[in-house]
Amino acid sequence: MITANENTSWITAHADVALSGANIAWLNQQRKSALTQFEAVGLPGVRDEDWRYTNLRALKSNDYALTSASSLNIELADTTNPRLVFVDGHLDQAASTGLSDSVTSLKDSLEIVEAHFSSTLPKKPHGFTALNTAYAHDGYVVHLKSGQVLEGVLEVVFVSQSADAVSHTRNLIIADANTQCTIVERHVGTHGTVYLNNVITEVVAGDNAHVDHYKIQQESNDAFHMGGVFINQAKGAHVKSHNIALSGLVTRNDIHSNLLGQGAHVEMNGLVIGQGRQHVDNHTEVNHAVPNCTSDEYYKTVLDDHSRSVFRGRIIVAKDAQLTNADQQNNNLLLSKDAEADCKPQLEIYADDVKCSHGATVGQLDPVSLFYLKSRGIDAKSANALLTFAFANEVIERINVDSVRQELTQIIAGELLSGLEELV
Amino acid sequence: MLKVTNLHASIDGKSILNGINLEVKPGEVHAIMGPNGSGKSTLTNVIAGRDGYEVTQGSIEYLGNDLLELAAEERACEGIFLAFQYPVEIPGVSNMAMLKAAMNSMRKYHGQEEIKAGDFLKLIREKADLVEMKHEFLKRAVNQGFSGGEKKRNEILQMAMLEPKLALLDETDSGLDIDALKTVSHGVNALRSPERSMILVTHYQRLLDYIVPDYVHVLANGKIVKSGDKSLALELEAKGYSWIEGMEDTAAAVQQAS
Ligand SMILES: Nc1ncnc2c1ncn2[C@@H]1O[C@H](COP(=O)(O)OP(=O)(O)OP(=O)(O)O)[C@@H](O)[C@H]1O
Ligand SMILES: [Mg+2]
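Going line by line, the protein sequences match chains A and B. 424 is the number that our numbering gives the last residue of the first sequence; the numbers go up by one with no jumps. 258 is the number that our numbering gives the last residue of the second sequence; the numbers go up by one with no jumps.
Everything labelled a hint here was simulated from the structure, so no lab data went into it. Glycine is no exception: its CB is placed at the ideal position from the N, C-alpha and C atoms.
Interface residues of chain A toward chain B, partial, derived using beta-carbon atoms under 7 Å:
1) PHE371
2) TYR372
3) ARG376
4) ILE378
5) SER382
6) ALA390
7) GLU394
No more than 30 Å apart at the CA atoms, straight line, and that leaves these computed lysine-lysine pairs for BS3-like:
8) LYS381/A / LYS116/B
9) LYS223/B / LYS14/B
10) LYS139/B / LYS240/A
11) LYS139/B / LYS381/A
12) LYS122/B / LYS381/A
Here are the in silico distance ranges between beta carbons for each label pair:
13) ARG57/A / SER59/B: 54 to 62 Å
14) GLU237/B / THR361/A: 44 to 52 Å
15) GLU348/A / GLN57/B: 56 to 64 Å
16) GLU75/A / ASP51/B: 40 to 48 Å
17) ASN325/A / ARG140/B: 27 to 35 Å
18) THR361/A / LYS182/B: 36 to 44 Å
19) GLN57/B / ARG57/A: 51 to 59 Å
Please construct the entire structure, taking both the sequences and the accompanying hints into account.
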């Protein structure tokens, strides 16, 4: 419920902004019902079970506005990959390469996405998801037709550069049967700028499609990132979701996969590196709806200073989903006594012939390993850094695209191994 | 080089070392033997600076300075090396990365420049050959998935790289097959020099056929109860520990426990 003391006037003001596809009936219908949903639930609060540990007071104390398109005013590192650039949620054509029949902006492909738009979303979306459907104005669409392989790596960079901007971005990856793609999504901003990035990526993976999705979050230290990756997987589809959160003030990610066809496999890898007062809340959900599917979840968190993380990992195995094999690991490393990790595995198993394993740990660096390194002359600071890096890098090592793995290793080394980067 | 005087140490209030006296001069090799639980690893750990031990009495002097004042990493930089009885697995850190970090950290401590990447590679390959370790092990995570013998070999590789002044080898021979024992001993002997001292903890006189010690000490109940030369090890092999004076407590304790 939107309560009287909750400042939502900025959301009401959204109604004045012309959205793309305003004349498309199905879209308008979806928007209307999403708005009704939003009005019923409002922005989440700590009273909602799924938001108990994530305080949105700072987010709610500010107003945000939809901005019009502006051109990129920060410099992006060179890349040899095709790359789309969105600025405050709007595609910057001039800065983008790689647009093609299969890679388009949402604005330009509203007809293509009709059958899939919101098809992967949870039945009871929270307020940010509802808002996203109601006000999505752009995003990227990758549409691969049966058998098509998107060569190499497609990068999509979402730059937030305007203070107090909000963007509701909706991306869709529609991978028909026997297709293959690797997509790296980056979210970047300038430290010191406050904004709200509300972004959802839907993945519709057809029979035997292979989708590798990377989300690298390097938002402003004062920004709010509300993210969703919602996946539907048909028979034999293999999807890998990598969710790396390196900055931002408050981050929430809902990463869900519905395994809807036999032989589907989902891998969810996550890494949080928290510093300062950063807060990262990851909610994963794997829905084993049919027999013979596998899921493999590996989330790690490194928290320093006053940072906090939340991990809720839900696995649902339906009554008929026999021979399910699901694994979930969540390991949290606390580097400071003021850091805090909350983790909550949630297994709901209704079938009897299944293999489900899970493990969650919260702890410090192993003193014996630290002594081993120190006894080799490695100073205490470097020994800590090496072990922390090694802990985090285990997630990165699961990435099998060499260029992406190497780049992420460098990024993580930059975060955790300062002065020792040359070791990796 | 090393002078341990009346050393008492305890862990969680439990006394483990009860007055150790030991002097090691440059170039000497001392073997320490003694029953399980007598405090051999504790002694090497206390010398290397492992946390968790409280030195309640006595002193350790190393190269004329108070060793107990130094942190573990400083002791290593000053030339003390401990080959662990149970080498630690460190997933995610390669052997190469660890050794490079170690060498550069030590160089920094001594105000020297970092080692050049090429020189480091050459050196580590040379030392790997010395202990007959395949080069692919260098890229693997430290000790992860290594067999018992491979771990021990890896300890000697590290020692060869770091060129300590005082090496503490805690049961480096345990778990080695005959050929590996020869290789490891060969590696150790190659490092013997008039300046470098060693303390070998072992249960088997066999090791001492390959690495011939200057002195053999028997540790029991946290005390050195007998010292001698190489022949003491042979005598122990033949007669066990029970004949030594000061062993009665251990024998009684063992009997009581059983
Ligand atoms: N962390 C600890 N907490 C409690 N007791 C300990 C601890 N570490 C060592 N001890 C005890 O101290 C005693 C000496 O142990 P130590 O490892 O030094 O023996 P050791 O002579 O090396 O034996 P071994 O030949 O089996 O290696 C043992 O009784 C052991 O149980
Ligand atoms: Mg021992």
